Amino acid sequence: MESSKKMDEITTMKGLLPLVRRPSRYIGGEVNSVVKELDGRLKFALAFPDAYELGMSHLGFQVLYTALNSVDSIACERVFAPWTDMEALLREHSVPLSTLESEIPLSECDIIGFSLQYELSYTNILNMLELGGVALRTADRGEHAPFVIAGGPVAFNVEPMADFFDAVLLGDGERAAVEIAEAVRESRATGELRAETLLRLSKIPGVYVPYFFEVLYNEDSTVKEVRPKVAGYTSILKRTEPDIEPLTVPLSPIVPFAATVHDRVSVEIMRGCTRGCRFCQAGMIYRPARERSTEKISSMVETELKNTGYDEASLLSLSTGDYTEIEPLLTGLMCGLSKEHVSMSLPSLRVGTLSKTLATEIARVRKTGFTIAPEAGTERMRMVINKGISEADLITTAETVFSLGWRAIKLYFMVGLPTETEEDLLGIVNLGTKVRQAGKRVMKGAPQVSVSVTTFIPKPFTPFQWAPQMELEKCREVHSILRKRLRSSGLDFKWNDPGASLLEGVFSRGDRRLSAVIERAFKNGARFDGWSEELKESVWEEAFKAEAIDPEFYTIRERSFDETLPWAHLSPGVTTEFLINEYKKAVGVSSADGMSSADGMNAEAEPANTVSAEGAEESSELPDRRSTPDCKVDICTQCGVCDFKVIKNVLAPKVSIEETPDEVLDESPVEAPTELPLRYTVRYSRRGNLRFLGHLELASAIKRNIKRAGLPIIYSAGFHPMQRLSFPDPLPAGIE
Numbered sequence: 033m034e035s036s037k038k039m040d041e042i043t044t045m046k047g048l049l050p051l052v053r054r055p056s057r058y059i060g061g062e063v064n065s066v067v068k069e070l071d072g073r074l075k076f077a078l079a080f081p082d083a084y085e086l087g088m089s090h091l092g093f094q095v096l097y098t099a100l101n102s103v104d105s106i107a108c109e110r111v112f113a114p115w116t117d118m119e120a121l122l123r124e125h126s127v128p129l130s131t132l133e134s135e136i137p138l139s140e141c142d143i144i145g146f147s148l149q150y151e152l153s154y155t156n157i158l159n160m161l162e163l164g165g166v167a168l169r170t171a172d173r174g175e176h177a178p179f180v181i182a183g184g185p186v187a188f189n190v191e192p193m194a195d196f197f198d199a200v201l202l203g204d205g206e207r208a209a210v211e212i213a214e215a216v217r218e219s220r221a222t223g224e225l226r227a228e229t230l231l232r233l234s235k236i237p238g239v240y241v242p243y244f245f246e247v248l249y250n251e252d253s254t255v256k257e258v259r260p261k262v263a264g265y266t267s268i269l270k271r272t273e274p275d276i277e278p279l280t281v282p283l284s285p286i287v288p289f290a291a292t293v294h295d296r297v298s299v300e301i302m303r304g305c306t307r308g309c310r311f312c313q314a315g316m317i318y319r320p321a322r323e324r325s326t327e328k329i330s331s332m333v334e335t336e337l338k339n340t341g342y343d344e345a346s347l348l349s350l351s352t353g354d355y356t357e358i359e360p361l362l363t364g365l366m367c368g369l370s371k372e373h374v375s376m377s378l379p380s381l382r383v384g385t386l387s388k389t390l391a392t393e394i395a396r397v398r399k400t401g402f403t404i405a406p407e408a409g410t411e412r413m414r415m416v417i418n419k420g421i422s423e424a425d426l427i428t429t430a431e432t433v434f435s436l437g438w439r440a441i442k443l444y445f446m447v448g449l450p451t452e453t454e455e456d457l458l459g460i461v462n463l464g465t466k467v468r469q470a471g472k473r474v475m476k477g478a479p480q481v482s483v484s485v486t487t488f489i490p491k492p493f494t495p496f497q498w499a500p501q502m503e504l505e506k507c508r509e510v511h512s513i514l515r516k517r518l519r520s521s522g523l524d525f526k527w528n529d530p531g532a533s534l535l536e537g538v539f540s541r542g543d544r545r546l547s548a549v550i551e552r553a554f555k556n557g558a559r560f561d562g563w564s565e566e567l568k569e570s571v572w573e574e575a576f577k578a579e580a581i582d583p584e585f586y587t588i589r590e591r592s593f594d595e596t597l598p599w600a601h602l603s604p605g606v607t608t609e610f611l612i613n614e615y616k617k618a619v620g621v622s623s624a625d626g627m628s629s630a631d632g633m634n635a636e637a638e639p640a641n642t643v644s645a646e647g648a649e650e651s652s653e654l655p656d657r658r659s660t661p662d663c664k665v666d667i668c669t670q671c672g673v674c675d676f677k678v679i680k681n682v683l684a685p686k687v688s689i690e691e692t693p694d695e696v697l698d699e700s701p702v703e704a705p706t707e708l709p710l711r712y713t714v715r716y717s718r719r720g721n722l723r724f725l726g727h728l729e730l731a732s733a734i735k736r737n738i739k740r741a742g743l744p745i746i747y748s749a750g751f752h753p754m755q756r757l758s759f760p761d762p763l764p765a766g767i768e
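Residue 33 is where the sequence shown starts when you use our numbering, and the numbers rise one by one after that.
Hints are computed from structural coordinates only; laboratory data are not their basis.
Incorrect hints may have been included.
Claimed, not checked - Computed spacing ranges between beta-carbons, pair by pair: (1) 257 <-> 548: 15 to 25 Å; (2) 439 <-> 661: 32 to 42 Å; (3) 335 <-> 384: 39 to 49 Å; (4) 738 <-> 522: 39 to 49 Å; (5) 594 <-> 477: 18 to 28 Å; (6) 677 <-> 214: 24 to 34 Å; (7) 548 <-> 679: 31 to 41 Å; (8) 759 <-> 175: 31 to 41 Å; (9) 267 <-> 123: 39 to 49 Å; (10) 503 <-> 668: 51 to 61 Å; (11) 677 <-> 123: 52 to 62 Å.
Unchecked claim - Result set (DSS-like, lysine-lysine): computed pairs, CA atoms no more than 27 Å apart in a straight line: (12) 506 <-> 388; (13) 442 <-> 516; (14) 577 <-> 555; (15) 338 <-> 371; (16) 388 <-> 664; (17) 388 <-> 328; (18) 46 <-> 680; (19) 555 <-> 46; (20) 442 <-> 466; (21) 338 <-> 68; (22) 506 <-> 577; (23) 338 <-> 328; (24) 516 <-> 466; (25) 442 <-> 476; (26) 686 <-> 235; (27) 388 <-> 516; (28) 735 <-> 371; (29) 735 <-> 686; (30) 555 <-> 568; (31) 664 <-> 680; (32) 506 <-> 472; (33) 371 <-> 739; (34) 388 <-> 371; (35) 526 <-> 516; (36) 526 <-> 472; (37) 476 <-> 555.
Since we're looking at a predicted model, the values are computed, not measured.
Each residue gets a CB set at the ideal place from its N, CA and C atoms; glycine is no exception.
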């Protein structure tokens, strides 16, 4: 009876920790988290609409947390989508969803800012609002309700969620997020009405207020017009920071107790990419390319490692190998980091940018895994998508990687690309086989080659935004064929859920009519739709049917160039003319362009996903009917983003290895200990909320504490050096 009474008295999320499967997601109090006095400060809930372990792996989330908390008048705290077990308990005990740091219910915050990284997080957003006691739709929120805002790549077509957001930021957020917060603080201090605050927000460059636009439709359900309601507020151009060097960075990022997807320091070395891959939305919306200096990057890596205790650092960008000073940067870093048993990962290396020097430096401490993204199985198909990678380059890269000691390579491909043929699909199998053969030639033992296939999703503001998406059943058929052929060739095969791809395709190019579908699916139990084990396809099928909307209207339908698209009033700066020209170039690539990886296959095979773009026959008259160069190192491609005064490509200053600071380059061997190593026995206790850490989580925290404190410790030898620690038998989570 006493236990039951205590359960009835639970009023906060912390009180539910003994009842959930992974309580470390919710305990807070991590190293480098920020807790401020709340009185007199604007309360900003930085919300990630997915599980804690995904959100805390996202660099942009930590960047905004740091930027907002750098302002004294703002108290920024985090909140994540509760997993299904925690959600059930919150509802059962009528406990509101609250922030981690101070347990502020969302309804008591001034701003709730969502990070929009993935279209399949939409139902999680609605769930978080409802659990936090916030009205779902903008129209239903009272004068004192929080302002619900969003930003991120998905914001460039937020129309399916437009009825739920008060304001949306397009583009770079470090300074804009602070400006939004200050505008709301000033507005509330002066007693402005909610509508007046929205008008104030609309004047901030890059901010889109959906309420100030009305959407009209044609009888065939296409968009007739996106009509502005406010004079002078007719379109929104993304916010672009001309130079990322001076921006606020998380030099003391939060160190999670829970294991996350990426347990490492992440440093952004470059923002934007001008390679021009025609399928890639990020490459279009984040232009131009802006690089940080090697000096700044080296300082960031050193400081963040010291402040976190991580033993791995990652250099992030859309294409890290395209950073112009990558070799001197990495060589200088590894000369110092290898002695500290810190490994380096470059997760977005492009084939052709991996030199033997780079690969050797990456492998100096431990081999953190290697991924190659050909994207398509034949050279012809890679020409279509403007990914100028030859088969010879791919095989050479694989040989280099295997020869330096890697035993496994992951290959990433897409299926359903415009003009794709059976030959292109089977080229995936042949290319994977050739990579495996390359490994056999240069290494002992059997190489492991994993082929991962995703369905191509046409995205807004890419040359393929007018193209049809592969039909659901066709997608399943292709996966079945590839699965059989790849596994019979000794290759591992992984693929994404076709049902999830259908939903992503619907929302990627959707309009405001979909808000009713999303809300209905949420009410009927849709959650974590990006997780294959949680996706409830039947719930979505019923929601589309109930709202009389055909999902294929948004996916398999080819758009004409003169159709008004739902995102026509939003802009990343890239012109429609440039995108049309790129589309025409893509569909102008013939089967004779480039040698196929599918040796012996029929070059005249029927296209699996044919595109017949209006005006495509003119593509042969273009200056280059196949490829578009990288304007960072070649001629300007006239995409429309740069004004060449403020907005333009920014390259890192040239540097040679000799110019790298001596303290970084010092390769003098670590002095051998003059005395025999000592063994220490340490007694510790696990109390308070930390009693909810699992054994491995606690062990990781202790290891990072040792490294952060700079204590001398012996490492194991071999492939993966580890701290020489031993722990007693684990205690069950929740026991002190």
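Consistency of the hints with the structure:
A beta carbon spacing of about 20 Å between residue 257 and residue 548 agrees with the range 15 to 25 Å that was offered as a hint. At about 36 Å, the beta-carbon gap between residue 439 and residue 661 stays in the expected band of 32 to 42 Å. A C-beta distance of roughly 32 Å is found between residue 335 and residue 384, which places it outside the suggested range of 39 to 49 Å. For residue 738 paired with residue 522, a C-beta distance near 42 Å keeps the hint of 39 to 49 Å intact.
With their beta carbons about 58 Å apart, residue 594 and residue 477 fall outside the hinted range of 18 to 28 Å. For residue 677 and residue 214, the hinted distance range of 24 to 34 Å is satisfied, since their beta carbons lie about 27 Å from each other. As the Cβ distance of residue 548 to residue 679 is approximately 38 Å, the hint placing it in 31 to 41 Å holds. For the pair residue 759 and residue 175, the beta carbons lie near 54 Å from each other, so the given range of 31 to 41 Å is not met.
Take residue 267 and residue 123: their Cβ atoms lie about 41 Å apart, and the range 39 to 49 Å holds. Restraint check, residue 503 to residue 668: a C-beta distance of roughly 38 Å breaks the suggested window 51 to 61 Å. At roughly 54 Å, the beta carbons of residue 677 and residue 123 sit within the given window of 52 to 62 Å. Pair hint residue 506 plus residue 388 does not hold up; C-alpha atoms about 40 Å apart against a cutoff of 27 Å.
Annotation: proposed proximity of residue 442 to residue 516 holds, straight-line Cα distance about 18 Å (limit 27 Å). The suggested pairing of residue 577 with residue 555 holds, with an alpha-carbon distance near 15 Å, which does not exceed 27 Å. Between residue 338 and residue 371, the direct Cα distance comes to roughly 14 Å. Compliance with the 27 Å bound is thereby established for this hinted pair. A threshold of 27 Å between alpha carbons decides the hint, and for residue 388 with residue 664 the separation of about 23 Å falls inside it, so the pair holds.
For the hint pairing residue 388 with residue 328, the CA-to-CA distance comes to about 25 Å; that is within 27 Å, so the pair holds. Between residue 46 and residue 680 the alpha-carbon distance is near 48 Å, which puts this suggested pair outside the 27 Å criterion. Taking the CA atoms of residue 555 and residue 46, the gap is about 26 Å. The hint holds against a cut of 27 Å. At most 27 Å may separate the alpha-carbon atoms for a hinted pair to count; residue 442 and residue 466 meet this at roughly 13 Å.
Distance restraint check for residue 338 and residue 68: the Cα-Cα separation of roughly 24 Å lies within the 27 Å cut-off, and the hinted pair is therefore satisfied. Only pairs whose Cα atoms come within 27 Å are accepted, and residue 506 paired with residue 577 is accepted, the gap being roughly 22 Å. The suggested pairing of residue 338 with residue 328 holds, with an alpha-carbon distance near 15 Å, which does not exceed 27 Å. For the hint linking residue 516 to residue 466, the alpha-carbon distance of about 17 Å falls within 27 Å, and the restraint holds.
Annotation: proposed proximity of residue 442 to residue 476 holds, straight-line Cα distance about 19 Å (limit 27 Å). A threshold of 27 Å between alpha carbons decides the hint, and for residue 686 with residue 235 the separation of about 39 Å lies outside it, so the pair is violated. At most 27 Å may separate the alpha-carbon atoms for a hinted pair to count; residue 388 and residue 516 exceed this at roughly 34 Å. Proposed proximity of residue 735 and residue 371 is supported: the alpha carbons are some 17 Å apart, at most 27 Å.
Restraint check for residue 735 and residue 686: not satisfied, since their Cα atoms lie roughly 37 Å apart, outside the 27 Å limit. As the CA atoms of residue 555 and residue 568 are separated by approximately 13 Å, the hinted pair is consistent with the 27 Å bound. A hinted pair counts as satisfied when its Cα atoms are at most 27 Å apart, and residue 664 with residue 680 qualifies at roughly 9 Å. For the hint linking residue 506 to residue 472, the alpha-carbon distance of about 34 Å lies beyond 27 Å, and the restraint is violated.
Using a Cα cut-off of 27 Å, the hinted pair residue 371 and residue 739 holds, with the two alpha carbons roughly 13 Å apart. Between residue 388 and residue 371, the direct Cα distance comes to roughly 21 Å. Compliance with the 27 Å bound is thereby established for this hinted pair. Taken as a hint, the residue 526 and residue 516 pair is honoured in the structure, with Cα atoms around 12 Å apart against an allowance of 27 Å. Of the pairs offered as hints, the one joining residue 526 and residue 472 holds, with about 22 Å between alpha carbons and a cut-off of 27 Å not exceeded.
Proposed proximity of residue 476 and residue 555 is contradicted: the alpha carbons are some 55 Å apart, above 27 Å.
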